[in-house]
Amino acid sequence: MSDQPVAADLVVRASGVDKTFVGDGDAVTTALLGIDLDIARGEFVSLIGPSGCGKSTLLRVIGDLTPPSAGNVTVNGKPARQARRDHDYGIVFQAPVLFDWRTVEDNVRLPLELLGQGKREREARANEMLALVELRDFARHHPYQLSGGMQQRVAIARALALEPSLLLMDEPFGALDEMTRERMNSEVLQIWRKTGTTVIFVTHSIPEAVFLSTRVVVMSARPGRVTDIVEIDLPQPRDDETREEPRYFELITEVREALRAGERRT
Amino acid sequence: MRRSPRPSSIDDPTPHGRVRRVITFVGFFLALLLLWEGAKFVGGDPWRYFGATWRPPLDFSFATDLNLPHVWDVIGAMVRPVQRGTEESLGVFLFGASAYTLREAAIGFAAGGVLGIALAAAFVHSHLLERAFVPYVIASQTVPIVALAPMVVFAFGQDVASVVIIATYLTFFPVTIAMIRGLRSPDPRALELMRSYAASRWSIFWKLRLPASLPYLFTALKISATASIVGAIIGEGPGGIPDGLGRAIINFNQQYVSGPEKLWAAVVASALLGIVFFLLIRLGELLTLRGRRQMVVA
Amino acid sequence: MTSAAPSLGVPRPAPVGPPRRIHIGRALVDYAPAAVAFVMIVAVWELAASALQSRPYVMPPPSAIVAALVDNWSSGRWPLFASALHTIFEALGGLVIGTAVGLVVAFAVSRWASARDAVLPVAVAANAIPIIAIAPIINNWFGVLEPQSKMMMAALLVFFPVMINVTRGLTDVAPASIELMRSYAASDIDILRKLRLPNALPFFLTALKLGTTLSLIGAIVGEYFGGSSEVIGRVVVQSASALRFDVTWAAILLAAAAGIVFYLAIAVIERAMIPWHPSVRGENSG
Numbered sequence: 001m002s003d004q005p006v007a008a009d010l011v012v013r014a015s016g017v018d019k020t021f022v023g024d025g026d027a028v029t030t031a032l033l034g035i036d037l038d039i040a041r042g043e044f045v046s047l048i049g050p051s052g053c054g055k056s057t058l059l060r061v062i063g064d065l066t067p068p069s070a071g072n073v074t075v076n077g078k079p080a081r082q083a084r085r086d087h088d089y090g091i092v093f094q095a096p097v098l099f100d101w102r103t104v105e106d107n108v109r110l111p112l113e114l115l116g117q118g119k120r121e122r123e124a125r126a127n128e129m130l131a132l133v134e135l136r137d138f139a140r141h142h143p144y145q146l147s148g149g150m151q152q153r154v155a156i157a158r159a160l161a162l163e164p165s166l167l168l169m170d171e172p173f174g175a176l177d178e179m180t181r182e183r184m185n186s187e188v189l190q191i192w193r194k195t196g197t198t199v200i201f202v203t204h205s206i207p208e209a210v211f212l213s214t215r216v217v218v219m220s221a222r223p224g225r226v227t228d229i230v231e232i233d234l235p236q237p238r239d240d241e242t243r244e245e246p247r248y249f250e251l252i253t254e255v256r257e258a259l260r261a262g263e264r265r266t
Numbered sequence: 267m268r269r270s271p272r273p274s275s276i277d278d279p280t281p282h283g284r285v286r287r288v289i290t291f292v293g294f295f296l297a298l299l300l301l302w303e304g305a306k307f308v309g310g311d312p313w314r315y316f317g318a319t320w321r322p323p324l325d326f327s328f329a330t331d332l333n334l335p336h337v338w339d340v341i342g343a344m345v346r347p348v349q350r351g352t353e354e355s356l357g358v359f360l361f362g363a364s365a366y367t368l369r370e371a372a373i374g375f376a377a378g379g380v381l382g383i384a385l386a387a388a389f390v391h392s393h394l395l396e397r398a399f400v401p402y403v404i405a406s407q408t409v410p411i412v413a414l415a416p417m418v419v420f421a422f423g424q425d426v427a428s429v430v431i432i433a434t435y436l437t438f439f440p441v442t443i444a445m446i447r448g449l450r451s452p453d454p455r456a457l458e459l460m461r462s463y464a465a466s467r468w469s470i471f472w473k474l475r476l477p478a479s480l481p482y483l484f485t486a487l488k489i490s491a492t493a494s495i496v497g498a499i500i501g502e503g504p505g506g507i508p509d510g511l512g513r514a515i516i517n518f519n520q521q522y523v524s525g526p527e528k529l530w531a532a533v534v535a536s537a538l539l540g541i542v543f544f545l546l547i548r549l550g551e552l553l554t555l556r557g558r559r560q561m562v563v564a
Numbered sequence: 565m566t567s568a569a570p571s572l573g574v575p576r577p578a579p580v581g582p583p584r585r586i587h588i589g590r591a592l593v594d595y596a597p598a599a600v601a602f603v604m605i606v607a608v609w610e611l612a613a614s615a616l617q618s619r620p621y622v623m624p625p626p627s628a629i630v631a632a633l634v635d636n637w638s639s640g641r642w643p644l645f646a647s648a649l650h651t652i653f654e655a656l657g658g659l660v661i662g663t664a665v666g667l668v669v670a671f672a673v674s675r676w677a678s679a680r681d682a683v684l685p686v687a688v689a690a691n692a693i694p695i696i697a698i699a700p701i702i703n704n705w706f707g708v709l710e711p712q713s714k715m716m717m718a719a720l721l722v723f724f725p726v727m728i729n730v731t732r733g734l735t736d737v738a739p740a741s742i743e744l745m746r747s748y749a750a751s752d753i754d755i756l757r758k759l760r761l762p763n764a765l766p767f768f769l770t771a772l773k774l775g776t777t778l779s780l781i782g783a784i785v786g787e788y789f790g791g792s793s794e795v796i797g798r799v800v801v802q803s804a805s806a807l808r809f810d811v812t813w814a815a816i817l818l819a820a821a822a823g824i825v826f827y828l829a830i831a832v833i834e835r836a837m838i839p840w841h842p843s844v845r846g847e848n849s850g
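Chains as they are written, first to last, in this note's numbering: chain A, 1 to 266; chain B, 267 to 564; chain C, 565 to 850.
Hints listed in this document are in silico derivations from the structure and should not be mistaken for laboratory results. Glycine included, every Cβ here is placed at the ideal spot set by N, Cα and C. Misleading hints may appear alongside valid ones.
[Unchecked claim] To give a feel for the contact side, a few chain C residues facing chain A, derived at Cβ under 8 Å:
#1 Ser-741
#2 Leu-744
#3 Ala-749
#4 Asp-754
#5 Leu-756
#6 Pro-762
#7 Ala-836
#8 Trp-840
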């Protein structure tokens with residue numbers, strides 16, 4: 001990791017991040033241990049590892065949704081807390097977390113309202129975002145009228161509404177079937193190319209991580225730490241044909257072996 | 267945004283939580299007593315104790331000795347005879363009356379519970395029955411039962427049976443509504459699993475629907491416990507049942523001017539009875555649902 | 565929903581368009597069983613009441629009840645219309661007072677987690693008390709002949725479900741939603757306005773539905789323990805003791821009708837305000 005980009009181009013810098021939870025009876029769980037991770041502007045980085053390896057926790061630490069026990073995280077050169085206050089990132093959870101009482105477009109407008117943007121501006125921006133995820137025809141629907149994949153696309157539109165420089169995605173397609181998931185993957189890549197935003201993507205699917213990412217960060221459990229980083233050199237733009245290239249399968253094997261190696265080491 | 271069942275802090279099962287809850291209850295109780303006597307101290311009738319007199323500076327009409335007797339006067343009335351010429355103290359009398367009313371309520375509660383479960387089972391298995399009768403089950407609750415009570419008594423006679431029927435009427439509704447939801451609560455996949463075993467409707471009911479509905483049932487039973495006591499108290503008036511709390515409340519209300527403490531004591535007895543019955547059901551719930559994940563049924 | 569499907573072809577949702585259209589045929593099928601049941605109940609009652617001569621008065625046939633309703637509408641010893649109006653006035657007054665106080669307490673209590681943990685169990689326990697036993701005391705406090713005493717009784721019954729439900733609605737918010745709001749660095753006020761309040765609305769409307777019935781019960785219970793003569797509770801007690809059961813039933817019918825109208829009014833409001841909620845969509849019962 002010596003040839004990392006210079007600090008100015010960094011979107012995320014995590015150094016020496018530990019996270020411990022104190023459970024019942026003072027049992028201490030070490031979710032993260034000594035995480036160092038730099039992510040440059042425009043990267044698409046996947047965090048992959050067995051359940052319990054702290055990949056979601058790391059994402060939340062970067063988003064300042066949970067504080068680290070030690071170490072520190074900067075986003076766009078600022079402390080993570082300041083970055084959250086400045087709306088530097090958008091987040092997509094595993095569940096869509098749409099508000100039942102709002103229509104699709106009102107859900108997308110939520111962050112714009114919170115920022116105090118004008119009504120006309122909000123409408124224009126929400127329309128733009130819905131066009132990006134190709135849901136304009138469903139703007140006036142309520143979430144319950146949409147399929148799971150469509151709900152998740154609304155969540156993505158909402159996360160992108162503020163044009164964040166960083167998009168955090170926490171197993172966003174984990175609940176979807178394989179076919180839908182592959183379509184969503186292609187769509188996320190399109191959005192990534194169009195917006196140029198940096199993406200951190202938590203997943204436990206090896207093919208998904210390889211298809212999407214420029215780099216795959218391999219983690220191991222108990223304690224959660226980074227055991228390997230695999231550069232994904234598949235050419236851009238990627239599409240369904242990418243999934244049939246030999247290099248794609250090689251990289252899948254490489255990530256799989258890295259995961260196994262990480263497991264053995266602990 | 268599906269909400270997963272979470273243990274609520276109210277039912278915090280840890281010993282720490284339990285201790286805190288008891289302290290809270292005692293605290294609230296003491297605060298209530300303090301408020302009670304405080305109001306009398308600030309705006310009630312003069313206090314005359316041990317030869318000294320305290321004249322409250324203000325004058326609240328609700329805090330006079332007639333409208334709000336002293337706490338200790340209510341307690342004192344408990345140990346004095348119910349009426350002149352009898353041995354039995356008010357406390358003993360109210361205890362007997364409470365037991366009598368509890369018995370009526372319990373019979374009505376059991377009957378209403380069985381009726382409620384039976385109706386729900388029928389509605390869950392037949393959409394036709396459900397669409398035909400559920401609107402009237404709901405409408406039945408908008409009929410103020412207190413208005414209906416005298417009619418029930420005239421129809422069934424001045425008898426304990428009438429009181430039980432009124433208690434049943436108030437009990438069955440929460441059970442029916444909750445059990446319709448409860449019996450439908452099993453995961454569709456669990457129902458498919460049962461069908462894959464070629465299980466009959468009967469065994470699906472006993473092995474899947476009913477166990478799945480128990481948390482809903484107990485939520486309803488806790489509401490019904492109070493409702494059945496309300497029904498018994500209301501029914502005793504026109505029912506002419508002389509031995510229960512309802513009659514005691516009516517009688518002491520008529521003697522209010524000569525002894526307001528008696529009515530207050532009867533009200534306190536009703537409150538205690540309601541809480542005791544509620545706690546009994548709660549205990550049953552804890553024993554029955556032992557080991558299950560706690561869930562909050564809205 | 566006839567516009568082109570999104571090009572990426574994600575599975576289309578169930579065909580539930582936003583403009584709800586009422587299908588007459590569908591409505592007929594939905595309501596027919598209930599209507600048939602109604603006709604059957606009335607017919608059986610009418611026949612049974614005429615056939616069973618042993619107690620001809622206790623369960624008068626529906627036709628006699630309707631006749632009593634018409635005859636006593638505005639005149640005679642029991643003017644039903646005026647009595648019903650008085651009782652409804654008491655119930656509505658109690659509903660307003662009980663709801664207002666319940667809302668204030670719920671907001672105060674849900675503001676602080678420790679206050680909620682302290683108050684909610686006490687409120688649940690208080691709910692286990694047969695509150696109607698207090699009716700005579702409330703009558704004594706606020707004047708047995710005054711409508712205020714019935715209003716306070718109704719308010720007391722309404723208070724608990726409103727307070728408990730709204731507190732739950734304000735605090736039982738999905739943790740993920742809170743996390744989402746935090747990711748936007750939303751203030752507490754924003755979280756209250758945009759998340760907790762909308763979340764509490766269905767809880768509040770459920771409590772109101774319960775409250776409408778309870779307010780009528782509270783008012784009538786208050787009357788039952790004494791009150792001015794032109795109210796439903798007194799009409800029921802007095803006409804029954806005068807063995808005029810047709811009048812008694814007519815009064816009960818009026819009270820029930822008032823309860824149903826109250827309830828339906830809230831249901832209509834619910835449909836308009838929270839069309840997205842499972843209780844309105846009928847998912848929970850289905």
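Hints broken by the structure, by number, lowest first? As far as the earlier hints go, 5, 7 are violated by this structure, in ascending order.
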